[in-house]
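Participant: Here is how the chains run, residue by residue.
There are 4 protein chains.
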Amino acid sequence: MKKKNITYTKYLNIDKLLSLQKMESEKHNDKKHDEMLFIIIHQSYELWFKQIIYELDSIINLFSSNYVQEQNLGIVISRINRIIEIQKLLINQMSILETMTPMDFLEFRNYLNPASGFQSAQFRIIENKLGLRLEDRIKFDNKNYDDYIDASEKKIVNNTENDLSLFELIKKWLERTPFLQSSEFNFWIEYEKAVYSAIERDINDIQNNKNLNEDAMQSSIKHYDSIKNNFKKLFSKNGFPNDKNRLSQKAILGAIFILLYRDEPILQLPHKLLSQLIEMDQLWTNWRSKHSLLAFRMIGAKIGTGGSSGYKYLNKATSKHTIFSDITNLSTYIIPRNELPKLPDEIKHQLGFYFTYGEKK
Amino acid sequence: MKKKNITYTKYLNIDKLLSLQKMESEKHNDKKHDEMLFIIIHQSYELWFKQIIYELDSIINLFSSNYVQEQNLGIVISRINRIIEIQKLLINQMSILETMTPMDFLEFRNYLNPASGFQSAQFRIIENKLGLRLEDRIKFDNKNYDDYIDASEKKIVNNTENDLSLFELIKKWLERTPFLQSSEFNFWIEYEKAVYSAIERDINDIQNNKNLNEDAMQSSIKHYDSIKNNFKKLFSKNGFPNDKNRLSQKAILGAIFILLYRDEPILQLPHKLLSQLIEMDQLWTNWRSKHSLLAFRMIGAKIGTGGSSGYKYLNKATSKHTIFSDITNLSTYIIPRNELPKLPDEIKHQLGFYFTYGEKK
Amino acid sequence: MKKKNITYTKYLNIDKLLSLQKMESEKHNDKKHDEMLFIIIHQSYELWFKQIIYELDSIINLFSSNYVQEQNLGIVISRINRIIEIQKLLINQMSILETMTPMDFLEFRNYLNPASGFQSAQFRIIENKLGLRLEDRIKFDNKNYDDYIDASEKKIVNNTENDLSLFELIKKWLERTPFLQSSEFNFWIEYEKAVYSAIERDINDIQNNKNLNEDAMQSSIKHYDSIKNNFKKLFSKNGFPNDKNRLSQKAILGAIFILLYRDEPILQLPHKLLSQLIEMDQLWTNWRSKHSLLAFRMIGAKIGTGGSSGYKYLNKATSKHTIFSDITNLSTYIIPRNELPKLPDEIKHQLGFYFTYGEKK
Amino acid sequence: MKKKNITYTKYLNIDKLLSLQKMESEKHNDKKHDEMLFIIIHQSYELWFKQIIYELDSIINLFSSNYVQEQNLGIVISRINRIIEIQKLLINQMSILETMTPMDFLEFRNYLNPASGFQSAQFRIIENKLGLRLEDRIKFDNKNYDDYIDASEKKIVNNTENDLSLFELIKKWLERTPFLQSSEFNFWIEYEKAVYSAIERDINDIQNNKNLNEDAMQSSIKHYDSIKNNFKKLFSKNGFPNDKNRLSQKAILGAIFILLYRDEPILQLPHKLLSQLIEMDQLWTNWRSKHSLLAFRMIGAKIGTGGSSGYKYLNKATSKHTIFSDITNLSTYIIPRNELPKLPDEIKHQLGFYFTYGEKK
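First to last, the protein sequences are chains A, B, C and D.
The opening position of the first sequence corresponds to residue 0 in numbering that gives the first Met the number 0, with each subsequent residue numbered one higher.
The opening position of the second sequence corresponds to residue 0 in numbering that gives the first Met the number 0, with each subsequent residue numbered one higher.
The opening position of the third sequence corresponds to residue 0 in numbering that gives the first Met the number 0, with each subsequent residue numbered one higher.
The opening position of the fourth sequence corresponds to residue 0 in numbering that gives the first Met the number 0, with each subsequent residue numbered one higher.
Bound conformation, chain A alone (with noise of 0.2 Å):
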């Protein structure tokens, strides 16, 4: 292992990555002061979308093979766990530029004029990565997202468009979910008995609690059926996807299964991915709806230098560009532990560990 005497310095670039800050204002013989943490602030934003894509490709590379490996799955957890650490610093981030005031941002926000955060390609390049599709965009003036991206970087945008995403990638995953049926166990049967059993017995303990007068008694009954008919729609075959929907009923049977068995040692780890597709899922939510607030802090209902309000932009996206919330939205089709059906024993012993830790003979 040879090597010359590195440097922290030369290692990391800091006389190249430190001249790169190039005021606007200084530029029109106008220096304005803050300018600087605008800049740096946003490049910082840059580097470390950098990095969330550099995780995002390796964990779309981990999953690209037919099978995903038990030890891969580690690796594929850890590393959204690095993603979901950086996004809480991204929202954290906001706070500095928090300390810059309307006044002051008005200064130099001239000088900036057409250039807005909304041009960066890597920020696009995730949401398609993580499986934002083109037809559930949010438009910007009636424009596509890429009319946006500088022509340097729109033919990369675009290609990403294509590749399988994060999201599909979950999909298949969820549909080759093991043990759903073998030849005496069909688990998708057994849950839809099960539900059905549950919701008839709650009906009953409501048609027979001497408390309620007849008004509450008929909302609460009315709101069973609006449960059941949710359920029906799960386990009827033609159910998935629909337009509230984009995984196949097979990936929910198999995400459901998780969710439901995942004290068992096998589906541990799987049921902490599907929890991280989540929590990753909502922190893109909160930093959107933190930047549309600052945005809206910053220049009030002012129309935006494209010519559209930024703030009304990222206040719809903020609800809108989500990617897994038919997997949040699991949580609607769950039921009480004690009310599952038992699996077999086969089953159960391959959802455990041949071995017992700790146990030594």
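Check the hints yourself; a few may be wrong.
[Stated by the list, open to error] EDC-like cross-link-like pairs, simulated, lysine to aspartate or glutamate; straight-line CA separation at most 16 Å:
hint, chain 1, residue 1, chain 2, residue 2
1, C, Lys21, B, Asp14
2, A, Lys341, A, Glu189
3, A, Lys21, D, Asp14
4, B, Lys142, A, Asp214
5, B, Lys341, B, Glu183
6, C, Lys15, B, Glu152
7, B, Lys15, C, Asp14
8, C, Lys243, C, Asp135
9, A, Lys154, D, Asp14
10, A, Lys142, B, Asp214
11, D, Lys341, D, Glu191
12, C, Lys87, B, Glu97
13, D, Lys87, A, Glu97
14, C, Lys221, C, Asp204
15, C, Lys87, D, Glu97
16, D, Lys221, D, Asp201
17, D, Lys249, D, Glu167
18, B, Lys87, D, Glu84
19, D, Lys15, A, Asp14
20, A, Lys221, B, Asp140
21, A, Lys347, A, Glu183
22, A, Lys153, D, Asp14
23, D, Lys319, D, Asp242
24, C, Lys154, B, Asp14
25, C, Lys221, D, Asp140
26, C, Lys9, B, Asp149
27, D, Lys87, C, Glu97
28, D, Lys319, D, Asp135
29, C, Lys347, C, Asp262
30, D, Lys347, D, Asp262
31, D, Lys221, C, Asp140
32, C, Lys15, B, Asp14
33, A, Lys21, A, Asp33
34, B, Lys232, B, Glu191
None of these hints come from the bench; they were simulated from the model.
Keeping the supplied structure of chain A fixed, place chains B, C and D upon it in accordance with the hints.
Facilitator: Quick look at chains B, C and D alone, frame taken from chain A:
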């Protein structure tokens, strides 16, 4: 100063405090481990709500005199700062609840029915004291918020609807902003002139910009039309309050003055206060937004115990239950420092300290 | 499932909870505004301490069986994770107390004398349950920690000194680590070989490095001597426990095995657990460190009410009251993956799952 | 205001920024996934260090005039506040590095040898600009800090040793505190009287306290002896600076005055500034402390690449490299508000604003 030998345990009533956690699941002989967390976290929330109310009361009291002394403004600011730090904690605290999975919550959820965080009297009191009006509240299941309050607390909650709220007191305080008009200076008139001249100059720039094609030019000019309209409303005699704005024109006038000249010594604390109101508002928004995501993650699209969807209520309230959006929105109306009307010497002098801190002769 | 109509207010005992804040300054007819915060924040700390003890008890219970089932390991991990999230909150919560100035604290400080956070029984119980030994505790003013505990709580606190602590249980669990020795494989011997061969190769590289001058070479080689010595102690029969290390050699052996082969499916959760112990430990260290800084800021070098300096005690305890530093310290003994002894197929197979998650053929 | 059509990508030099991450492991044809994170996080740190230096320079510049105008004090405070927010981020950012395990770090650690964060020139510049003196620095492996700085940066770093530091400027500013002495009032003398009378009264109370046994009484009185001694040093002519304190007596006098009367309008911003200096200091302490724990977790007690233990260096620096501990320590010398010397009307009047905000006639 005579005192008995007080101990930590007695001072804080630790024994009583630690005896207030009664798990419903345990009462039903079906103890579920995670219910303890559910109790502890909500009790902790209520302790902090008490502290927020305590600080709010003191702030409202300081603002209720005919005028607010500078000395007290400093106190008000430090107490709002405390509320803000508490709000940040309330938001962070949700991460602890996120360690509970939907499956674990489901285990004891039915035992709590129909108790719900929606019934927190203290939270409603906070909203009322801040200035959330009954008519601006999102209804929950077509009922008023106070239909969900325990009978024992209803009167206290309702009373706070009629008390002078922080919003009302801030409004009056802003209306009293001095310096706006003297024999030789009328801020409102000067500002109107400055605004229109800035807009005219921008439009002129656009029309002379040879890099713009016809389309871009028309769109930019249309954009400025809308800006102009916005300002027209601001300056028109009967512009405020309107369906979007609760503040009076006079109060907005005062707030804009503070915003524009906030570098002047005497306006620094008032400006800090306005920033805090915005931050407090946005933190409640963050809180509701994170709360709504958590509710969705925990129970999915399930209909809540009250027969309605808590998730949807929270989601709506997130954007609608703001109090000080009029102040946040002021960024819409500011223009760059170098275009501000110059203050007459007399006013400029009043805004400074007679004593320049530092050099002593 | 019959139940009365429970409300939020009754469920959480809100009325009692909110009646437990009795300001001493008020009792002395000298009400000081900031005392309320002092009470609320400490009560909130005690609520969270109760939750930590509750989780610790359940974890200790799960670890107390002769062996820990994999299924339970997942539960243990999720509960330690909860403790970790609570610890983060405890640290963040200090920011709220920092909104109180030393002047404001001084206003009511004398009324509380000699009550002190040092008297928190629950905090001592946590330390004991984690495994802090009496002999490792920093004395405060030459007295034992329990001299400060209220008589009513002393016995409970002392009892927890003798219970099996988390540290002891983890030690036993590590000593039971399987796979370390079979007829054909002795991990300890193989690892010793690998370590020394790696060291020899490094020394060789240094001696052949023509870019190094004589001085640098000697210093590098001396450095490796100290590394070698370190490992000699590790492998020597009577190396552990010693005055620096509480763990037995057998437990350390098990922990290193987990660390080195933690990518193997069956070792992923054990590895996660070890990481959590380190994190938990470091968060307590952070907590004490921040607490000590806060105490210094609040009362300076003033001698505390007990006649000794709280600041200095906290400062010492920060670095000495760690529990799992043996585990943190394990990084000292790891070598790169590509130099690890190769596991025999039989063991490798046992460490995997018999079922490869995903595609099934 | 003419400008070319600037884009986000060009404005921020994104292409260059994203080309600066060169993995050493990749150069050795042995690419290790986690090295990317190591590069990105350090580059992000350096970006933020640049921003901190930029703000520090502007603050030092504002303080370098003969006096600091009130208007500028507001600017200084908002910029220190920005530094504080950045420091919080730097600390949080470590959580991302904690997602790297010691095993993964070990994989590429040797490739970086002997590059080390210890060589960051910008961090040393920050320390120098804050006011850390060469003689107060912990030596690393018996060498001065600048022996580790890259030749290309050494001169710049050394130069900052001799520039006026923030500490020196704050000292001068405090020494200029007005109001301390007038023909009719000498704060120092009045304060000395007040202090001793408060102490005498306390001792008297103790001696008359019938609940105290002889031992407790003696110990309490001894305690007050030490307090008295402390104050004697404060008031003695040649008390400062001494081996523990860098501030002059005159500066400490000014700072105590600000602390004691900080409710007066004109002292609110100065008091805020003092609080910020303490917070900035303590955040650096937190940063070093967390950094030291991280180093220990990553490499254990291993000797670092420079032949010395980074962990131990960081640990020592944590408590020794503070700058403003003289100011933190001021809490030692304050007495309750109700025992403060009353300010003469003339001074009281000067400390207020001539205009009472909001009062309108």
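Participant: Could you grab the alpha-carbon distance between Lys154(C) and Asp14(B) and see if it respects the 16 Å cut-off?
Facilitator: With Cα atoms ~15 Å apart, Lys154(C) and Asp14(B) stay inside 16 Å; holds.
Participant: Are Lys341(B) and Glu183(B) close enough, with their CA atoms no more than 16 Å apart?
Facilitator: Holds, at roughly 12 Å.
Participant: Taken at face value, is the distance from the CA of Asp214(A) to the CA of Lys142(B) at most 16 Å?
Facilitator: The hint holds at about 15 Å.
Participant: Keeping to a limit of 16 Å between CA atoms, is the pair of Lys9(C) and Asp149(B) held or broken?
Facilitator: 9 Å, holds
Participant: Between Lys87(C) and Glu97(D), is the straight-line Cα distance small enough, at 16 Å or below?
Facilitator: 15 Å, holds
Participant: Do the alpha carbons of Lys142(A) and Asp214(B) lie within 16 Å of each other, as the hint requires?
Facilitator: Roughly 15 Å separates the two Cα atoms, so the pair holds.
Participant: With a cut-off of 16 Å on the C-alpha distance, tell me whether Lys87(D) and Glu97(A) pass.
Facilitator: 14 Å, holds
Participant: CA of Lys319(D) to CA of Asp135(D), is that 16 Å or under?
Facilitator: It holds: about 7 Å lies between the C-alpha atoms, which stays within 16 Å.
Participant: Is Lys232(B) within 16 Å of Glu191(B), Cα to Cα?
Facilitator: Holds, at about 11 Å.
Participant: Tell me if the straight-line CA distance from Lys221(C) to Asp140(D) falls inside 16 Å.
Facilitator: 14 Å, holds
Participant: If you draw a straight line from the CA of Lys15(B) to the CA of Asp14(C), is it 16 Å or shorter?
Facilitator: Roughly 12 Å separates the two Cα atoms, so the pair holds.
Participant: What's the verdict on Lys87(D) and Glu97(C), does the C-alpha distance respect the 16 Å limit or exceed it?
Facilitator: Holds: Lys87(D) and Glu97(C) sit about 15 Å apart, inside 16 Å.
Checked against the numbered hints given earlier, the structure satisfies every one of them.
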